[in-house]
Amino acid sequence: MAEVPGQISCTGGGISQFFERVCGYSRRCLFRVISMGPLPNHLAFIMDGNRRYAKKCGQEEGSGHKAGFSALMSMLRYCYELGIKYVTIYAFSIDNFRRKPEEVQSLMDLLLEKIKALLEKESIVHQYGMRVYFIGNLALLSDQVRAAAEDVMKATAKNSRVVLLVCIAYTSTDEIVQAVKKSCISKSNDIDASGIYKHDDTDSDIEGMDMEEQEKRIQLVDIEENMQMSVAPDPDIVIRSSGETRLSNFLLWQTGNSQLFSPAALWPEIGLRHLVWAILGFQRSHSYLEKKKKQV
Amino acid sequence: MPNHVAIILDGNRRWAKKRGLGALDGHESGGRRVIELAMDFFATGINIVSLFAFSTENWGRPEDEVNYLMAMFEKNFKAEISSFQRYKVKISVIGSRVNIPESLLHSIQEAEEATKSYTERQLLMAIDYSGRFDILQACKSLAEKAKNGVIQVEDINEKIMEKELMTNCSEFPNPDLLIRTSGEQRISNFFLWQSAYTELYFPNVLWPDYDKAEYMKALTWYQQRNRRFGRRV
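Chains A and B, in that order, give the protein sequences.
Residue 1 is where the first sequence starts when you use full-length UniProt numbering, and the numbers rise one by one after that.
Residue 1 is where the second sequence starts when you use full-length UniProt numbering, and the numbers rise one by one after that.
Simulated from the structure, these hints should not be mistaken for laboratory data.
A portion of the hints provided could be inaccurate.
As the list claims (entries may be wrong) - Here's a subset of chain B near chain A, in silico, CB distances under 10 Å, partners left out: (1) ILE135; (2) GLU162; (3) LYS163; (4) ARG186; (5) MET216.
If you're wondering where the values come from, they're calculated on a predicted model, not measured in any experiment.
The beta-carbon is built from N, C-alpha and C at its ideal position, and this holds for glycine as well.
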């Protein structure tokens, strides 16, 4: 009796392995075809719909977030296999702290578990040579979560093949305010350090003053340099699952020219077909944009 | 109902190309719709309508197109002052103003002066505007205030930042709904800070074809949205 289930599971295991190999092969063929067109360099995900998914399946909330995590791992693998170097995910917004304390705690526990797991030998970090950044107001996190995040950033600092940016305790308006403050402080330090200029010629006084004034004043590049997300280029595509079409305070500065996609699928339901569809949309729009750039 | 609807008027040139016409004809056709549609929006109870008329990036377009657009804006401001007064719509133009021709600047100032006392409805025209430029000018203004001791840098927060943005001339600076016509699904550097929680709607209609029926579709769509602002409903 005991042997029959074992035999079935062996045969079942064999079939499922064969099926996985076929799927993997088909996926690689598909990726080769897609790669013949332009590919995005940076993709950003707003992972919305975990709780609705759990409700839909009649399960408790936590299971939605766990299913969401599996979906995330699959999407990361597809992105990196396709050759997309940068992926940013909106893991936890500063706004989310206003949820019920039990939900916040359970999310933080899950985040801590998954952050620590990134350092394991078999993790996706080692598989893909991934550098990980945690972007956000990390001071708002518990000491444990912050320490784990800092450990991962340190441990992956030398990796360079692919990059994962995890926005945690993040909102874009907070990121912009921090960058503005840093720009104000560093410009005023520059002014203090430069001292007073003397000009010999009256005419060049006026021109010289303008250039000097210009240098003293904050430029776009000053704000950009001080953005936490300056470690990556701007996203080419933002995908928000669950059919909602808003940014919810995610990468506002960086997504001015990003293409936005909102598949109706809840985050745990997100799959390869949604990624392919978004990239095909990007490729269609890309050729139009290149034409426009040449005209402009 | 949304308090503030923002519109990116995209698709004039493609509309013209489809009909074998020049880009300027597309702009002319698109331009005629703008004020009409804005008034339709106000009639349904919306307080503020913002229009992305000209981006800082548009200066790179062909000179004749840029000149045409500047002349068209000037003509519309002059021609529509009486409508704005009739419908009690306050006109506010946001953007750089440094590169705008003198004559257009003059008609902007006239329109703003003639309508400054109205409080219930406002038309925000973004001319030579971009979201990044807006944030940068707010930052420069805050740096100046910090230098003069009016504020401390450590005290700068989101509320203070918002008061420095060009939309500070409005009671509802952040749009509830942003419509971008022509099917392109991007914000193109329009309101960046202000769109943090804005519902984004991308109808596949070119701007000169955008009519009242399309606008009603957008409003119906908006009313079905479930806005949570990060919390749970």
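Structure-based check of each hint:
1. ILE135: Since the shortest Cβ distance to chain A is 6 Å, the answer is holds.
2. GLU162: holds, 8 Å
3. LYS163: violated, 13 Å
4. ARG186: holds, 5 Å
5. MET216: With Cβ-Cβ at 18 Å, over 10 Å, it is violated.
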